[in-house]
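Undergrad: Dock chain B against chain A, hints included.
Chains as they are written, first to last, in this note's numbering: chain A, 1 to 355; chain B, 1 to 355.
One or more hints might be untrue.
Identical copies look the same in the list; a pair holds intra-copy or inter-copy alike.
Said to hold, decoys possible - Subject to a maximum C-alpha distance of 30 Å in a straight line, what follows is the list of computed DSBU-like cross-link-like pairs (lysine-lysine): (1) K336 with K186; (2) K211 with K71; (3) K92 with K291; (4) K72 with K312; (5) K259 with K277; (6) K259 with K336; (7) K291 with K306.
Hints in this document: simulated from the structure, not taken from any laboratory.
Number of protein chains: 2
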Amino acid sequence: MKELTILNTKTDYIILRFLSQNPASYWDLLLNSFDNSINTINSIEKLLKENLIKYENNYFSLTEKGKELVKKILKTQYKDVICKECNGKGLKITEYFKDILSKFLELTKDRPHAIPEFDQGVVEPITLISRVIFMYYKGDIENKDIVLIGDDDLTSIILALSNLPNNILVLEADKRLVDYINNKSKELNLNSLKAVVYNVEDPVNEEYLGKFDTFLTDPVETIEGITLFISRGVSMLKEEGVVYFGLTHLEASYKKWHKIHSNLYSMNLVITDLLDKFQLYDLNPEDIVNKGYRVYTEAVNKLGIKPDKPTKPWYNSAFHRLILVDKPNPYYPYNKQIKLERNLYYDNEAYVTLY
Amino acid sequence: MKELTILNTKTDYIILRFLSQNPASYWDLLLNSFDNSINTINSIEKLLKENLIKYENNYFSLTEKGKELVKKILKTQYKDVICKECNGKGLKITEYFKDILSKFLELTKDRPHAIPEFDQGVVEPITLISRVIFMYYKGDIENKDIVLIGDDDLTSIILALSNLPNNILVLEADKRLVDYINNKSKELNLNSLKAVVYNVEDPVNEEYLGKFDTFLTDPVETIEGITLFISRGVSMLKEEGVVYFGLTHLEASYKKWHKIHSNLYSMNLVITDLLDKFQLYDLNPEDIVNKGYRVYTEAVNKLGIKPDKPTKPWYNSAFHRLILVDKPNPYYPYNKQIKLERNLYYDNEAYVTLY
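So that you can see chain A by itself, here it is in the shape it has in the complex (with noise of 0.2 Å):
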């Protein structure tokens, strides 16, 4: 079809499918895209060019030649078709899930702020109770010992309250998120949950090796960071010890998922879960705009927009569950220091990472 050229990729498809329905703002494109940054915002870039979108008040929309075009593309009318009930997750919250979501918010409305220039950034509340509930299903989580390397979300908190682990270890870097994580433990008498101060560039202590069934992460977005995060949490799990982590598109291109995955592969792992866009983060919005995100200044630059902050959760990440298959093979070898120093946090996809 004459009309499909100007369309060379997937990605000027997906949006222009998209924008057939409704207008939306800079954040939805993100969030509906199933490609990296730098991509959308290429295809954005174009699309305005070819005069197929246009910009008001905060908002992308088909013009007339975009309505023309769309015509042609879209044979049937683009309804969206994720299932309503449970927000394409598959997963019911049920009552006793309620409940835990409930005591958790109310118990860490003290929680420490975010801290952005650590790459933190926590998930959205639903996320946070159907991370949990997918664990479960999996069998993950009940009389299981888990370790959390980073734990921003508070995942560890929730998982205690809902009385299923065993044991829950938290290695963190930001000192404030030990001590209070530590401080609610004993304030609420959660015996099975403790946090210690680890740096994820130092070697594991001699005592995790082998001590766990269950290993959650929500790491940095570069290859070598993903894969250190992943070999220390791998070189403390069992056999049959599981992996679940997040990893987005909107900082990595699939050559980058295709490395990150292989170093995976190499360490013994098996992906038996991949589901996309199932983790939304809460980040904060007046950061987005303010503190130099390329996100941001990059639709400034090259598309000459200025976007209005969020308002509402539009950073995603696909949640992966991987199982070992044999012995954990490390990448990182558990008793080497790895400095990655800029390289942990920053590459050329990173953007939504400060550096």
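TA: What follows is chain B alone, placed relative to chain A:
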């Protein structure tokens, strides 16, 4: 916890937890296990021997001893957490797709029967339409050129009825199906749809190389077999091309998954979505108990039970989506004849496969 020492695999726990809700048939346990048939049967055998579960009138249930144990193991009563609205698939079946499914079911009442000797076994209707909806959501159908290897499900016909794709090519070993699809295409004026006889062991026709956006297959379950199916598919893909296929746990351990996935990564593919138990199959219930499948004979031999034929779908697979991150790099070169013969279909985990 002392009680837990009896339970030395995750599958022991999954089975007891499942039975804590209600008695369940042999087929229910296979459906709800995350493990392969061998390990699931081993778990059942052990739980029977330990007198934790019993088998009566076609149903497994907890014994008094089992109930006592479960009281200690379960920190809360187990309640199913799968969204009822979408059966855990996360997708809404909109009117448009509902209509297409009705039309499809009406028009294919005269379909050829599945031949188990060819490892044929068709997905049930909700799976079929959900698969199409998911591919549509991901942007892989509309205006796309689609190729299928093997199509006993007749997905090509429902795709053609959706009027969304550009062209659909079916490569199929069973001449009955090729003729059926081509006749339907003629009869219904589905210009986009064509089927040709093709055996996956044969080289790929050069005119198909690099010509398709989307490849769909529901292959055999051996490592070599799947690798061959996907090698053939990948060689026919354009840049950014995607692969969809189903892989079950019932005939494939995590170790086997690890080898299969590793082969896929070597072909420049990366997993973007992996939806466990997304696909359910309508296997002929009579065949399952009468044809000598190991999933049945091992129940008789190892467990000493004679399950009634299944009354609802139980065979399931995980729906995989992968995308090319570079040029196709098929594991088996497109121009080579590859003779796998019996090894195409059969290995020691093949419990629902004839040989």
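Undergrad: Using 30 Å as the alpha-carbon threshold, which applies to K211 and K71: within, between, both, or neither?
TA: Result: close only across copies, 25 Å inter versus 58 Å intra.
Undergrad: Is it within, between, both or neither when you check K92 against K291 at 30 Å Cα-Cα?
TA: neither (37 Å within a copy, 39 Å between copies)
Undergrad: Can you give me the call for K72 and K312, within, between, both or neither, at a CA distance of at most 30 Å?
TA: neither (32 Å within a copy, 42 Å between copies)
Undergrad: Using 30 Å as the alpha carbon limit, work out where K259 and K336 are close: within a copy, between copies, both or neither.
TA: both (22 Å within a copy, 29 Å between copies)
Undergrad: Can you give me the call for K259 and K277, within, between, both or neither, at a CA distance of at most 30 Å?
TA: both (20 Å within a copy, 27 Å between copies)
Undergrad: At most 30 Å between alpha carbons: which applies to K336 and K186, within, between, both or neither?
TA: neither (33 Å within a copy, 66 Å between copies)
Undergrad: Regarding K291 and K306, is the shortest C-alpha distance of 30 Å or less found within a copy, between copies, in both, or in neither?
TA: within (14 Å within a copy, 67 Å between copies)
Of the numbered hints stated above, those contradicted by the structure are hints 1, 3, 4, listed in ascending order.
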